[in-house]
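*Asks:* Sequence:
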Amino acid sequence: MYSIRHKLFYTVFCLFALGYWQVSFCAEPLLRSVSIYGNREFSQRKIIAWSGLKIDKPFPSGSEETAAKNILSKFALEGFYFSRIDSVIQNWSADSTKIDLDFYLTEGHRLILKSLQINGDTMRTGEEAPLQSRPGSPLFGIMLQADLQDILDAKQETGYPFARLIVKELQLSDDSLDVITRMTSGPIALLESVRVLGVTSTKPNAIAREARIVSGEPYNPNRLEKARQRIRKLPFVEEVSQPALIPLGSDRYDVMFQVQEAHSNSFDGVIGYQPGTDGEKGEVTGLLNLTFMNLFGTGRKAKILWERTSEFRQALELYYEEPWVLGFPFNLWGEFRQEIQDSLYLERQFSGGVAWAATDVLSLVGSVFQEEVLPDSSGREYLGLNRSKTWGGALEVKYDNRDYPDNPIRGLLYTSLFSTSEKSYEPSANLGDLTIRRYHADLDWCLPIYKRQILNLQFHGRFLESDEDPIPQPDIYRLGGAQTLRGYREDQFLGHLIGWGTAEYRLWMDKVSRIYAFLNLGYYEYKSPSDSSVSEGWPWGYGIGFRQGTRLGIIGFDFALGEDDVLATAKVHFRLINRF
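In the numbering used here, the protein residues as written are 317 to 896.
Please keep in mind that the hints were generated in silico from the structure rather than gathered at the bench. This list has only true hints and no planted wrong ones.
SDA-like mimics (lysine to any residue), calculated; alpha carbons at most 25 angstroms apart, straight line:
no.	residue 1	residue 2
1	K617	N647
2	K714	V677
3	K385	E357
4	K827	A618
5	K705	P788
6	K519	P645
7	K549	L634
Pair ranges (Cβ atoms, derived):
no.	residue 1	residue 2	range
8	D437	S566	18 to 24 angstroms
9	E533	F628	57 to 63 angstroms
10	Y420	P376	19 to 25 angstroms
11	T614	Q433	50 to 56 angstroms
Every residue, glycine too, gets a C-beta built ideally from N, C-alpha and C.
Construct the entire structure; sequences and hints are all you get.
*Replies:* So this is what it looks like as structure tokens:
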């Protein structure tokens, strides 16, 4: 028994010792130093960086060959195509645990571009591409490759999608090179119409018109890519393929896009809770927004919105938009909005206008509007209101280059609005006509900082300039709540001048989902109509939230605190967006 145990112990010990010895023997040496000899144009430090070798790091077998290839490839990128590694000397330490490398190299001469010849079909005036490679200058392979691609692109952009550019010959003499190419144009392609495949509920023309292709125009890949981007931004399109050419004969082609439709209608519901102050009970706020972005499959839009910002104030809004009026890229729209402020007054607005998409990212909107304020007896007594009617017009500029409007990774959304109007009161008020001017600016910028981490910065400003002093309450702006300054009650602050900004750190999950933390800061300036006193402030808040796509829809949650809030007075909002 003792003998068996002894032999077993001895065997295990020997195996362990053998394994330990093998691990120790096979451990990779450390690279102690690297030296470069023969360099003239480039420093030793730069060449070592090219090699990819790391000092005081393990040196696997064969690393010197990889390093030599890296060095030569970098020399080639710099125009030294005749450089070579003459030898690599390895110097080992006495215990073979460290190694020094010495690279002996010959840089050679930098290759000069003697000429770049394009034979075959010549380029017509206006087709020439500006080249970076110039005869008599050093030849850089990447730059020459980019120039050849630019030459080919310039030819294709004039209506020749099947053009080919082939390098036929390279003539080397001493340290210079002649590059000889041949251009084959192929047949010209004239575009006839746009075909849309994959749609079931949308009329193909509602998508095809966004391409803005005119029958008979030459093929241009840049214009087709912009057409694809315009189609992709339609609210009822999920994905769109690259354009394909369908031959019709006689140099005529149709452009085909394969489209995946998106759910274009949505139900947006928000419910919030605002804790009470000074012993008052809390109150519930809410918003219901029913939006149709593709009525009858034609791209027409409609919206019905109901909003309750407090127990004293609620609003109703109706909106309709008719796209591509008379076949032109102009949209006509109309809107009705009504607000009820407790038993004090009713405010009603009718507006309408035209929107023009000037470019793929820039649009202009012109509008006219009429506003009417109908005070109750309480509004006349406590707020000094009189019945009034306002007529005016507005001009809005919008720039939007965001990649995913619902949940952007990168891009900028900027809007600015200027409006002017004339206000008149009922005769009994003994007030003449008054001029009102409004200035709005909004900026929403998304910047990816690392992988799926996004920094979102927002800045918003509103300024009202009026002949009326003090400015009555129905005209002024409201600040606070889920849509402006989170962490505060809906419409908590009033002002003829307001602004708010937000810094939001987002973890992007997908096109509709994200997790975020935010910090927002606001400003307001208000002149009271009762005693003409001026108040101003810089409220700030912070919080966290998320948006998550589910089978039920997009679920959202915001938890926000204001400047003096504790957890018990936090503002909470739940949101559900269901698309159908």
